[in-house]
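Novice: As given, the protein sequences belong to chains S and A, one line each in that order.
In this text, residue positions in the first sequence follow my numbering: the first is 1, and each later residue adds one.
In this text, residue positions in the second sequence follow my numbering: the first is 410, and each later residue adds one.
Worth flagging that the hints you see were computed from the coordinates, not collected in a lab.
Among the hints, erroneous ones may be present.
[What the hints assert, rightly or not] Facing chain S, according to a computed beta carbon distance under 10 Å, are these residues of chain A, among others:
(1) Tyr479
(2) Ala490
(3) Val491
(4) Thr492
(5) Met505
(6) Glu509
(7) Asp518
(8) Lys520
(9) Arg529
(10) Asp532
(11) Ala534
(12) Met535
(13) Phe581
Note that beta-carbon positions come from the ideal geometry of N, C-alpha and C, so glycine has one too.
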Amino acid sequence: MMRTWWANRARSFERRIREAGPGARVAELVRAREVARLGERLFDPARPLAWCGPLAPFELLAARGIAACYPEFTVGLIASLDGVEPALERAEALGWPGESCGFHRAVAGAEALGMVPDPAVVITTAGPCVGGAILTSDLARRRNLPWFVLELPDTDDDRAHAFVTGQLRELDAFLTRHLGPAEPAALARAVARSNEARARLAEAVDLALARPSPARPRQLANLGPAVLPLLGTEAAVTVTRAFRDELARDRAAGVSGVEPERFRLAWLQGRIQYRQDVEDALAEAGATIVFDELNDLSAEPVDPDDPWPGLARRILDAHVLGSLERRARRLVERCRQGAVDGALSPCHPGCHQRTGAHGLLSQELARAGIPTLHLDVDCVDRRSFGRAVVRDRLDAFLELLATGSEARP
Amino acid sequence: MNPSPVFLGIDVGSLTCDAVLVDADGRVLSAAVVPTGARNRVAIARARAEVLRAAGLPEDAAPPTVATGYGRRRVEGRLGAVTEITCHARGIAAVMPDAELLVDIGGQDSKAIRLGPGGRVADFAMNDKCAAGTGRFLEAMARALEVDLDDLGPLALRSEADLSISSVCTVFAESEVVSLLAEGGDPADVARGICRSVAARTRGLVRRVADDPASLRVALSGGVARNAGVVAALEEALGTAIRVPPAPDTIGALGAALFARERAG
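Looking at chain A on its own, in the form it has when it is part of the complex:
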């Protein structure tokens, strides 16, 4: 008996390398998120091996693969390479078909994608040249606050202060955080200020593709979507509820897997 066909999507990002395996109906069989590190080929191999193992497939299985992310051209044996903009749009349409706008905040870039029918990209904007307002920014801020990255969001939710942190430059923002703490600032207030700073920067990006985001159904993906503080700040900034899919950091890889399924079919 021939095994059922499976399709692989790999998203090689700056911070993590994500893989998603789907079946012939587009259902997710397994997913993996591994740190990209300095050698993305190692991370690609690890992510691929993890999803295959989790799905009970042999390690040498070679499912049709579409790659995305900055390192998409480093994935060998791929059917194709598709940008993360197109893959995120396709991925979110699969899990939230009624979403009209997707905000993706990844390791070092953030994107606002206006969605058309069937997960087509109607318009998009990306952050310009600078990692302020992205996952790297939050990592640096968590380090300055001396908290785990995962604790930054819950900490921010404990405050209602209107503190603002500069989001022009990650390094300068880090210095600002250190000096606020040195002046006796409440870490919760500073954490909220950091989340508001990310939200303010993201709002600027969103405005480039949507005049009135408050009237749209907005989804948030990327690792930063796990940060409840940023989600709350973004809801406040955009004036609308933000919906986070169950596995926000693998939306791009899911989109890539669905493209692999279409292309192989």
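For reference, chain S alone in the conformation it holds in the complex:
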């Protein structure tokens, strides 16, 4: 049933793209179509599926024609349709604390309810957070599934690169044992597609930093996270190229994402997945998101004929790994590039990954003259979203930015 549902959605987006005609702004529809097509593949019982951590080398799966997803992505799909509540309630009935990360809580509940597709293999990545690693490990153990753990060191030196490179070769052997081999040419093609998708994404990210930014407040929301499980496929190239082209056209025509552009903001970590009016409120106030931290994937090309060291470097380069100082440095650099006025940081107390990072990141941004608004929200559990409370903080933050800009020489 789910497979048909996603297939219908994909067809519906395809129809809307055709109806929009050439030159129309359809990048968001293209992404929605490709994500729906992935949904269709994920729920196809005839096709094996890999459940991975978000830092897995998806290119290895794409080279084998294996559909892959990661828990946060799957729940994001459900949450964006406002359908995650039964899963959250089920997880809480199973003993998950209501204050734990909504993503992982929802996956646990959705799995118990049979709302998520069954995996053939599990690839746990020991990052970016403990919760996701525990979740996938638990799934593999309970279901007695073939399971690979990709250990990810917190350092970014030669030893770490060698360690991860070795593990990637082992992972390839593991996949060959359980899902069949990847022909070298197929792997090279997947890597080349991933290189191209990452390059186009990086161009889109750079275009959004322009002044005025051609990006509308929600346009680039969760683009990086949506592209991750598509990496290595033509779909990733199609999606990233659509965004790059659209932003490039608007930039060339001098189009501003909000008119007039009063505030340029950065968004730390993931966007809120369910329907809410934060971005609408931003647009009303003349504010747009010119930089999304999760869209800033490494664009360093990987050698298609010897991909292992390059893939390892890319994984270790992820901003959610490594030292917080490195992450803060990159964030500040990007914010300066984009002349960012302020940053929005959704930070749920149950998020292992964010709760530790928020303080340091906001401190470093403050040193660069960029204030941060902490939004206490869970990005998938809408039950904890207080509309008036969030709106009040947002309004006050925009007032703070306005008086700050008046005070600037």
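We have chain S already, so just place chain A on it with the hints.
Specialist: Quick look at chain A alone, frame taken from chain S:
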């Protein structure tokens, strides 16, 4: 002769609706605090009528108005709507120009505002999603102690006990108070525990905008500033003297009136 211009600020909060009328020099002519109740439009009209009457102005006078508070968008005929964070900062700067940090504890939210020059907001933090540690919390605790809200502070000052009350949830804290009293606890000790609980929660908020609050000149506004028990507990928690302005519950409305004066000018 044209009457002197006046400017109105209205702060539509969850518990009270406050209004302040100022003259062209920013001097306060009159102020009113009325319960918001279920219909904030009625409360807005009442607060407006009260300040106009107290200033000797006709009820149909329509001074330039800026609205603030949760219900700010419900105020008709306003020049603008400004959040309570910005208005409180502006208001406190008018009465305590040297304040560096403002703590405002209102009906259902509390805020810590780091003040910049001229009453600008340099940074702020608000309580998250929960009314524990706010005016509503104290109301519930006073009910559980069976004392008037106004008597809670003086009662707390009679104790030196180190009792602590959970501030995680208002409802659970109420149950805790009831069971402490049922076990024979001294109401004064419990009252002090309640004030310390509010102070502990507020300290956490303050720390989000100031590493060393003890080194700052701290002001306290909001209705809770009238509670001497909370003021004392907060002084202990922050390690610094807390200054309370003469009309702590109308600081937001004062800030709004001053914005009305600026915008109309």
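Novice: Mind listing which of the numbered hints don't hold for this structure, in increasing order?
Specialist: Structure breaks hints 5, 6 and 13.
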